[in-house]
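Protein chains in written order, with the numbering used here: chain H, -13 to 1117; chain C, 3 to 535.
A couple of the hints might just be wrong.
Unchecked claim - Example chain C residues on the side facing chain H (calculated, C-beta under 7 Å, incomplete): (1) Tyr26; (2) Tyr55; (3) Val123; (4) Glu126; (5) Pro172; (6) Thr175; (7) Gly223; (8) Pro295; (9) Ala313; (10) Gly315; (11) Gly526.
Everything labelled a hint here was simulated from the structure, so no lab data went into it.
Cβ atoms here follow ideal geometry from the backbone N, Cα and C, with glycine treated the same way.
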Amino acid sequence: MFMVALMTHSAVITKAGGQEILGRKVSINSQSQKIQTVLKNINRQANVRFTYSSSLIDPNTIVSLQANNQPLSYVLDQLFKENTRIRYRIEGEQVILFSAEEQKALEQSTNQQKQSVDRVISGTVTDVDNEILPGVSIVIKGTQNGTITNDTGEFSLNIPDENAVLVFSFVGYDPQEVNVGSQQILRISLQPSSQSLSEVVVVGYGSVSKKDITGSVSSISGEEIKNMPVRSASDALQGKVAGVMVSQSSGSPGSMGVVRIRGIGSINNSNEPLYIVDGLPQSNIGWLNPNDIETMDVHKDASAAAIYGSRAANGLIMITTKKGSKKDAVSVSFDSYYGFQSAAKRPYMLNAEEFIDYKNRAAAAVGADLPISEDMKSQALAFVRANTGSEGTDWWKEITKKNAPVQNYNITVSGGSKKVDFASSLGYMDQQGIIKGADYNRISWRNNVNAQVSERVKLGTNLALIYESRRNIDENNPYSGTIFSAMTADPITPVLRNNLTGIPQFYSTIMSGYDASNPFSRYAGILYSNKPNPVAQTERMSQSMWEGISIKGGANLEVKILEPLKFRSNLGLDMHRGISKGFTPQYFLNGYDYSNFSNVSNFSSWSDYFVWENTLTYDEYWGNHHLTVLAGISAESTKGLEYGASRQGTVNNDVDMRIINAGTINPAASGYTYSRALGSYFGRVSYSYDNRYVFTANLRRDGSSSFASGYRWGTFPSVSAAWNFTNESFIKDADLRWLSEGKLRVSYGQIGNQNVPGGAYLSTYGNTARYMFGSNTNAYLGAGRISIGNPLLQWETSTQTDIGLDLEFFDKKLTFHADYFNKVVDNMLLVVPLPSTLGFPNSPWSNAGKMENKGWEFALGYSNNIGDFNYGIQGNISTFRNKVLTLGGGEPIYSTAHLGQTITKTEEGMPVGYYFGWKSDGIFQTQDEIDNHPQKGLSTPGDIRFVNINDDNLLNADDRTIIGNPWPDFVYGLTLNASWKGFDVSAFVQGSQGNDVMNILRYDTEAGTGWYNAPKGFLDKAWSGAGSTNEYYKISQNAGLNTNISDYFVEDGSFLRMKNLQIGYNLPESLLDKARIKQVRIYAAAQNLFTITGYSGLDPEMGATDPKLTGIDQGYFPQARTFMFGINARF
Amino acid sequence: MKLIKHILIASCLVLTGTSCSDDYLNHPPLGNQTDENFYKSPDAGFKSLITCYRGFYNFWGYQASRAELGNMATDDADKGGSDAGDRPFVTDLGFGRTISSNETLSGYWSACYAAIGNCNVALERLPDAPLIDASGNPLSDQLKNRYLAEIRFLRAFFYLDLVRVYGGVPLLTQTPTVDDRNKLVRVTDKEVFNFIEQELLAITSDASLPSANDLPAAELGRATKEAAYSLLARTYLFFAKDDNALFARAKDAAKKVIDSQAYALHPEFQEIFLEHGYKTKEAVFSIIMGDNPAEFIYGSTIPVYCSPRGATGGWGFDLPTQDLVNEFEEGDPRLMFTILQHGDVFPKNNGTTEVLDFSTYPNTGYHNRKVYLPESRRGQGWGDDAWTYHPIRYADVLLMYAEALIESGGDKQEAANYINMVRERASKSTKKDVEAVSRVLNVASKELPKVTAADDLRKAVRHERRVELAMEYHRLYDLIRWNSLVTTMKEYSQKPLSNGKGGNYTAGKNEVFPIPQVEIDRSGGSIVQNPNY
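Bound conformation, chain H alone (with noise of 0.2 Å):
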């Protein structure tokens, strides 16, 4: 074999001065080093440069090589030996490497070439960011003749004729193919390989390349993301990941998504997965400019979350954020987007004269007297005409802002030598609400410098300061919420009272308490029912504002001890204020709308968080084995400080007078302070054969302070194993082109999860409230048990197993990933509620029950060009099926919401917060149809049949079944793009099916009951009378049974998201060659742009973090339909 490779090299083509270089004499000694590393060493020697395609040869391949001062000959013969497809032939002082086919075509032109007239073509070579490009390998197509590019990225070549097509190619880039013509100079700008950025996967403590990773990890580059108008990276996480399910929890700036990793972790509210942000561990990332990303790794099983151990067990999101780059000196980049926001879908109400008829009936169905005589009305439509024309007023229309504007600037600049990069970023976001008195800002700096301080030590460090400022509505709750006011108060109402004419003297309240000098005060108390002015309400809040700064950052140290032993020390600090300015000014509007006095607040909470972590880590090749070692310990430690101070009464509403000291009465104070820790010990093995086979084994042991001392440690291992299948010689044998590359997935682990309060293992005591002895004005403090701890609480588990395959086809074209997942978590931290009738102040925290979330995911990727045409389709979906498998004692968990009133169920053998409640059966229409029913004396003709289920003659608690499951069969995303000449496009599409939502605003927009307005229609949708409808109750004051939970409100919340549609364009390089413009891009977007849904409230799209409390509609902030345009450019 030996000699037959060696005969094989001996076919070398030379040209002149060929030998002398073959003939300089080299010293290797090299054991398991990469290709890349030798090559580099013997250039040094040598004195030549090596050009070569990645496809050839995988820079990454491990050799080993002895040679003690041989000619350069023999020392290449010795290195390809176990690669006989390889050439190399000598070109001035480069060394060009090829395979055996291109020597066939090369001997086949040499004759061609001889004939043909030489001529010369330059130019340069760059990358998209206009960064010279050195030792890129340039080769004439169907020949082997080339070169590569200098230092500053140029070369120059013969070429036989016009019709020659150079082939440009460098590793980490797609190759370029340009046809010359008739140019003589070449300006060439190589695109980075689509496969290049996740080659290497961020994993705790370190990375690894993308063939020895063991779990189910995806990966998102910052490209996708930053030219979204969403607070959070997070958010852009929707749709884009199989096994990722986000879901906004509400419209309002500011507001974050609720980001679930493979199904509901754990039945309490704790199920955000961890987020780590260039080493420091973060519970959400709202604070982070997407624009600063590089990449996001979402790790989704246990196999790289267990070293994570304790906070990772929904799940790990591990951040890289952008470096400079030591090879360039300094380049600006400059992105920035506005848009105009407003809502996608309003609700329409009755108006001024179907309000009164809609009350009127109600009454008359209950055979009260008429609220509004017909004199009545026409003297309070003449006043609805008189002052906001004859419909009256459109709540909503009030409440909302159309185009409200979003706006974001991000400039960075970074760069670096030899031995120091940087990068540094200041961001700016602004985004107002598309209801009023909501907005957000975001000013956020982010430094990263990176030095080699030695040979052999690196110092990295990373701090962001970030400010940020948010104004709130009160949303999602049906007492006084501004949009469920919106849509229920009277349309006969006026927004203001300042200029009022006509008012009938039965309105003549609507004026009581007005006072001209207090702008608070021009608007009009809602007349028919006990709900604040949504307008006046959104004036109010917005004179409120919270504020938050934070300075997150770290340093790590690298030192490599004794090749391949290496130390690292990294250290991360997460400090926040957070600072609410509150102000309630004095009003009266009406005896339910007003502020005796006014309230000047301000609530401080301060939160210092550090990490230390130090780890060794031992990396070594032999031969074809790899093995990897590390091992380290972790201590984390929070401190946390709140208070708060107010005093009411100042002498007026102005500005001026919003501080604490100007208040005049009711002095109040609050604070504590909380502090939490976690020690950590942790290791990791893996080990890989021949790039064909991989295992990896982590093991972490961490002690929380959540737990009482005696349950504080938890172990958590993970072991996981991958096969490259295409990797093994029966399948390179086989010769399947069609297969580029393939490996089957396997991983089993453990990951805990301590989310309680500080405490919940204690049962304390301490100062309760006062009660009164003597008289009116002597109050007597009391204390007592506050609260029931549980000290038996320990760690809650969750053991996932994960089986995955990923598939590639057609030289990485098609892209497929599929993954089944099963996550049991045991010893689940729940509170159980109890019956009151144990007397207990709270229901304790426990270790209770057992759950399982398990399904598929699967993604699609397709991408290819025609011509200067690219396109590309990404696709992905997954399922999960959530079930209880048993609960403490065994009792269901029952959760309630909309006044009080039970909603979901949670038991053993269903989903988490299934809808429970009486299943409905059309409408009675006869008073014979309840006589014969057990609703008899319960219902009259109109109200809701509900189904007796155990056929016990009486409706009552034991008829309650499930109504519906706020669980999606599937969620899915889709994404398309395509790219000519200039021209870019994307579209993205994003959905959810089978899930149901509770669309609880119909208990008071259509109960008839209370003083509150339906929507437009309704008085014609309405039973009327015997046959008319078999689907909506009659409208009256009496809701009788009605207004129990029953599936009368569950509706099926799928919808079908065109989540964002992109077009840009880059501007042509001559134009910007005068500029002296490296790139840019100008784009116009459109986010949220259509829903496809059944449901019939504003967006059927409802996160919340309690997972038992999923899809209850209590009067979402809607999402916002936006149009932007932006720019990308770079300097």
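Got chain H sorted already, so can you dock chain C onto it with the hints?
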């Protein structure tokens, strides 16, 4: 500094393993005490007592539910509110169509058991605790025993509240554990009665519990021996429906209160309900509420809950019915201080007036004067108001005594005399509302005739209770113990203006209310529902 500490801690982790890291991981919540040190802290005994009394201040669960059950579930008062859809489950109570998810009933149950839970903790822990007083001196046995007696009074009080509404309930006399959640079993109402009787007998013979005669003015509102006897009389009367012999015991218990001479009927009926009603000799047991947020004193929401809507800003609940108004005799000034009408005028602080306007919502034409506060008494804003409720007042004790006499075959003249004491006080009271600018109602200037031994005394005492104690949350329990809840409500449903209220009352079912479903569900079914619910 922090960094250095951190490094030390981390080195500690490396070098010594868990031994010192356990210290590093010790972060108990601050600012609270544990059961180990709480009972050693100053005044822990008295503070525990205060916490037990706090049960009375729970608004929705206790105060509102008490009004919804005691008044609104009966022929004395309609629900009110903005319209039928405002707390519709309260309407269900009065119509006799209550279902087990009724919020009034679940709130009331939780509130009573929360209070009982606090009492049980204190009764378990205080006896053996090394208690000290506020100055750090050991607490005398006398004081400790007084606290214990008061807490037992409160626990008996809340059990009587429960048993009157739900029938037999789980009888928890010790702090349960979490694991007891599915071992909660209802005992019979007779067993609850036995417990209440035994507890009240025990504390009335406890010398540590003071007589009202010895109670300093600064301790008004605390339980006394006479309050315990009154509660005992009420308990006997309630359970006498099942056991006639209890009337005699009720009589004796009420007589102890009368004989103590600690109380007297207050000459001015309306003053009992004004700001300092708790200082009158009428107040046997009062729940005093004040309003001063600067001192962490928050009052009752009952006045705003039950006051007229519209410009007054009340929520408009608890409307006296025409049937109740009809019960008053001509010339009875108590009507003036029981009801309010559309057009009544009260002063406002700024010199103008507040004219009550019932026109914007459905109502019976009446509101409850006993809870209405003119603006000057509303403190810093509606919703937390200084207001006193008298669970037990002397007129009630006198009428209980009279009724016990009548039912146990006692002296008829004596019974008539006691009824007449209450009627005479009414007759002699001022017939003008001292707080109002003007009232629509005019009380005829006419004395109430005396009841004689020859009259139907049972009817007389029942009439007297209805008018004297009107809108004070006694009506429901009187009807239940007279075995006439179902019949009275069914008859009421036929009366004009009743809107059919009471029509669904059914014998064999509606004598008690359903057990809250959530309690049954969360106990895993170990608590069993009442029949036919």
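Each hint, compared with the structure:
Interface hint status for C:Tyr26: upheld, as the beta-carbon distance to the closest one in chain H is roughly 6 Å, under 7 Å. The beta carbon of C:Tyr55 is positioned within 7 Å of a beta carbon in chain H (closest approach about 4 Å), and the interface hint is therefore held. At about 5 Å, the closest approach between the beta carbon of C:Val123 and any beta carbon in chain H falls short of 7 Å, and the interface hint on this residue holds. For C:Glu126, the interface hint is violated, since its Cβ never comes within 7 Å of a Cβ in chain H; the closest pair sits about 11 Å apart.
At a threshold of 7 Å, the smallest CB-CB gap from C:Pro172 to chain H is about 5 Å, leaving the interface hint in force. Checking C:Thr175 against chain H: minimum C-beta separation of about 11 Å lies over 7 Å; hint violated. Taking 7 Å as the C-beta cut-off, the interface hint given for C:Gly223 holds, the closest approach to chain H being about 5 Å. Given hint, C:Pro295 at the interface with chain H, holds; its Cβ is 5 Å from that chain's nearest Cβ, closer than 7 Å.
With its C-beta approaching chain H no nearer than about 5 Å, C:Ala313 sits inside the 7 Å limit, and its interface hint holds. Restraint check, C:Gly315 versus chain H: the minimum CB separation of about 3 Å is within 7 Å; hint holds. Here the hint on C:Gly526 is kept, as its CB sits about 4 Å from the closest CB of chain H, short of 7 Å.
Hint compliance for this structure: hints 4, 6 are broken, all remaining hints hold.
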